[in-house]
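Chemist: Sequential numbering from 1 applies to the sequence shown in the numbering used here.
Wrong hints could be hidden among the right ones.
[Said to hold, decoys possible] List of simulated lysine-lysine pairs, BS3-like, C-alpha gap at most 27 Å:
hint, residue 1, residue 2
1, K337, K260
2, K251, K337
3, K82, K349
4, K177, K337
5, K177, K251
6, K138, K47
7, K82, K108
8, K138, K108
9, K82, K177
10, K99, K61
11, K317, K251
12, K99, K342
The set of hints was computed from the structure by calculation and includes no laboratory data.
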Amino acid sequence: MKPNVFAVVLVCFVALFTSGASAQENPFANGWALQPGASNLNFQSVKKQTVVESSSFATLKGGIDETGQAEVTVLLDSVDTKIDLRNVRMRFLFFETFKFPEAVIKAKIDPAVLADLETVRRKTIPLTYTIDLHGVTKEYTSDIVATLLTNDLVSIATSTPISISVSDFNLMEGLNKLQEAANVNIIPSATVSFDWMFARNVGTQPAQVVATAETEEAKPASAALEAAEFDTEACKGRFEILSRTGNIYFKSGSARLEDKSTPLLTSLADIISRCPGMVVEVGGHTDSVGTDAQNLRLSQARASSVTTFLAATGLEKDRIVSKGYGESEPIATNATKEGRWKNRRIGFKVLN
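Start from the sequences and build out the full structure, keeping to the hints where you can.
Modeler: Written out as structure tokens, the structure is:
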């Protein structure tokens, strides 16, 4: 062998050995990028005491940096129950994605704990992590299984499903709305499982996405099962659901919209724009406090404020009409504070 060729081979061997040793010392060398097309996050809920429903999220992003700091962001609008209107209920009534669009999971993984992963290939470790959901951050500890599939591809998965209580994230009100809309009883907790694939970054470049049988380019939709335009049935279902949100706010006794109404109304405008040719009624309703005439005027003024907001987003004015119903169509008793709150509402429906 010629000396220069031998030198090249020796240098390559040393570089390879050094790289392997470094990887073993720091399993997170160069950082790792989440492969969304090869990863999944699932949750199971139980309704009617025994009926188990499995759902997932279509859009995930994240990674693990060189220090072992892991972060995965879940786009909640991508919740996928495999049924279109059930997805819409989950988004608008339960998760309130117009206010809280993402959930974020963070963890710090000690590199020393996985230093032998290159040798053992698979191990179970306890991991402390936080979940930021619906404006609340909670800490949990669970057993996580790390599997080194190749030197540059690792799976991080739950060892057993993780139980999450609805009340931990101030989601009980949303659960109640969900139960009323679906007319079912739902157990106020869910079990969550995940299997996330991470690929080691090459130098400073993000890792290439790993393709799967489900998607050629591993580019999941931002909102599961949604079309660019909705048919009449899909539009009617969406407006019925949005009428239940209770997230349109006015000053007491006033028709002036509060700023915190903007997220829901912006989402509403997007939905109307995707219901081509349909005329949508914005209906104002009140409780029974006050005279019939006062309540009718207030309901008309509030409905008009909403149509004015929607028209300002660029929607054609002749596609949105407002009507005040006063106290004539209660959906709950006016004898209780909760019932009166439900009756003070803005409703939406397709007129044609």
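Chemist: Determine for every hint whether it applies to the structure shown.
Modeler: Now the hints, each set against the structure:
A hinted pair counts as satisfied when its Cα atoms are at most 27 Å apart, and K337 with K260 qualifies at roughly 22 Å. The suggested pairing of K251 with K337 holds, with an alpha-carbon distance near 17 Å, which does not exceed 27 Å. This hinted pair checks out: K82 and K349 have alpha carbons roughly 24 Å apart, not beyond 27 Å. The hinted pair formed by K177 and K337 meets the criterion: a straight-line CA distance of about 17 Å does not exceed 27 Å.
For the given pair, K177 sits about 23 Å from K251 by alpha-carbon distance, which is consistent with the 27 Å threshold. Taking the CA atoms of K138 and K47, the gap is about 25 Å. The hint holds against a cut of 27 Å. Distance check on the hinted pair: K82 and K108 sit about 33 Å apart at the alpha-carbon level, beyond 27 Å; violated. Restraint check for K138 and K108: the C-alpha separation of about 15 Å stays at or below 27 Å, so the hint holds.
Restraint check for K82 and K177: satisfied, since their Cα atoms lie roughly 20 Å apart, inside the 27 Å limit. Between K99 and K61, the direct Cα distance comes to roughly 20 Å. Compliance with the 27 Å bound is thereby established for this hinted pair. Pair hint K317 plus K251 holds up; C-alpha atoms about 25 Å apart against a cutoff of 27 Å. With a C-alpha separation of about 20 Å, the suggested pairing of K99 with K342 holds against the 27 Å cut-off.
Checked against the numbered hints above, the structure violates only hint 7.
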